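Listed here are the chains, written in short residue letters.
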Amino acid sequence: MRHSSAFLLPSPPPAGGGPAADVALVVLNQPLPRFAPLLWSRAALRVCADGGANRVFDGMPELLPDQDPDEVRARYKPDVIKGDMDSVRPEVKEYYSNMGTRIVDDSHDQDTTDLHKCITFVVKNSDNSNLCILVLGAVGGRFDHEMGNINVLHMFPNINIVLLSDACLIFLLPRTHAHEIHIERSIEGPHCGLIPIGMPSTSTTTTGLRWNLDNTSMNYGGLISTSNIVEEDKVTVTSESDLIWTVSLQK
Amino acid sequence: MHSSSFLLPKPHQPANKPIKNYALVVLNQHLPRFIPRLWAHANLRICADGGANRIFDEMFQMTNDEDEKSTRNRYVPEIIEGDMDSIRPEVKLFYYSQGSKISDKSHNQETTDLHKCISRIHQRTPAHEKSNLCVLVTGALGGRFDHEAANINVLYLFSDMRIVLLSDDCLIRLLPKTHRHELYIESSVEGPHCGLFPVGAPSTSTTTTGLKWNLSGSKMRFGSMISTSNIVQSEKVTVQSDADLLWTISLRNLT
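One line per chain: the protein sequences are Y and B, in this order.
If you're matching positions, the first sequence starts at 1 in my numbering and goes up one per residue.
If you're matching positions, the second sequence starts at 1 in my numbering and goes up one per residue.
FYI, nobody ran anything at the bench for these hints, they're computed from the structure.
Quick caveat, the model's predicted, so the values are computed rather than measured.
Mixed in with the good hints, there may be bad ones.
Heads up, incomplete: computed chain Y residues facing chain B, CB under 8 Å, no partners named [claimed, not checked]:
hint, residue
1, Gly189
2, His191
3, Ile195
4, Gly198
By construction, the Cβ of each residue, glycine as well, lies at the ideal position given by its N, Cα and C atoms.
Could you put together the complete structure from these sequences and hints?
Printed below as a string of structure tokens:
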């Protein structure tokens, strides 16, 4: 399984770098990271989960202070606002609804998290087999939300989902595949980690890191790979257990 | 038995509970707004490297003090510990001149700053006092995810100690599988949102009382069901499990 963060590059990746991913963006209810406008421009589908719409309404003009706020809001208009609607401000919902944003009210479904609902929605509304779902606002804040969002990665191991914050990005490396992670050195690294969340890992092998693992076992209560360093443009990982990969993002 | 009385505004001794000895460890992230009350409860305050910058720069905003100088003179950590690559030289000099012990561990790059601090506390606390000691940690969550994961692993590595990770939004504790746990909820400062997570390994049987959605011999596993967005409904929550669990509860807007 090949992973690349080319979506974070300031200009679109050159042609011939592999099939273009169909990028969808999901915005959860936390402050936007500084690169939110860049990711928005890369995405074919933009979904705000409930209060994520407040964050786009307030936050995009703040991230682009040289531009007229109304123009910014028109340009960064979500395609969909989805959720139980208990966080989105009524005036924000109305503003975007008037501009054509689709409002999908889930208030009847209290069994799954906002992110879970959005992932299901994006998958149903995308026909590209090379789908990459970028999620803003999934980490930090309330820890139970963060754990629920990481659990969504585990529940959809066959879908390429990346959680992003100002500090780092996170995605799942399912045990079913050998992984090649292409590092965009201008934006990612050098700090990285491999974390066995939910299950000990009896054997992990890596290349491309300063402290590579060689059939090494990892578990909470023992060794987990943190504060590692990316040393090459390509990192490989194989493991008998699902792992969470994280790499820092440069300022 | 667990209680968050350290979050109450003044030292509070609930009836029938042993007196708790608190230590505070400050890591290098923005201070939570309720840090003055944690400082007041603690007998020992340790800044991990750049955590000293945070106290120096940010404590004043969290207090009602007249001026920065009096805040700085009042909030002096007993120990500054770590590899000293983040603390600013003038901050180190200031606290050294105020009597802080500077413990330079720059030769040890194998463990995180939190690990070094907890290890130090662990070494100097006699076995019989460990259950009476509670280590409060600020700045362990958020920021780089690998740091957060390593800080959570410290809870597992020192599971014979009570360690609480705190942020503005919530707190986290480890509930080891070896005990049945009673959590006394201070509803003026914490709740109602809570959760239980089998981060290290799945649970085949967890039972709780006091929650809106209690578990009853329930299985929990990443990739399947974990308890998030639960609600505390009682002053006392009990948890018993065959797996180590992380407990989290939201914090109310404390100032």
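Verification of the supplied hints:
Restraint check, Y:Gly189 versus chain B: the minimum CB separation of about 12 Å is more than 8 Å; hint violated. Interface restraint check for Y:His191: the shortest CB-CB distance to chain B comes to about 6 Å, inside 8 Å, so the restraint holds. For Y:Ile195, the interface hint holds, the least distance from its beta-carbon to any beta-carbon of chain B being 5 Å, beneath 8 Å. Here the hint on Y:Gly198 is kept, as its CB sits about 3 Å from the closest CB of chain B, short of 8 Å.
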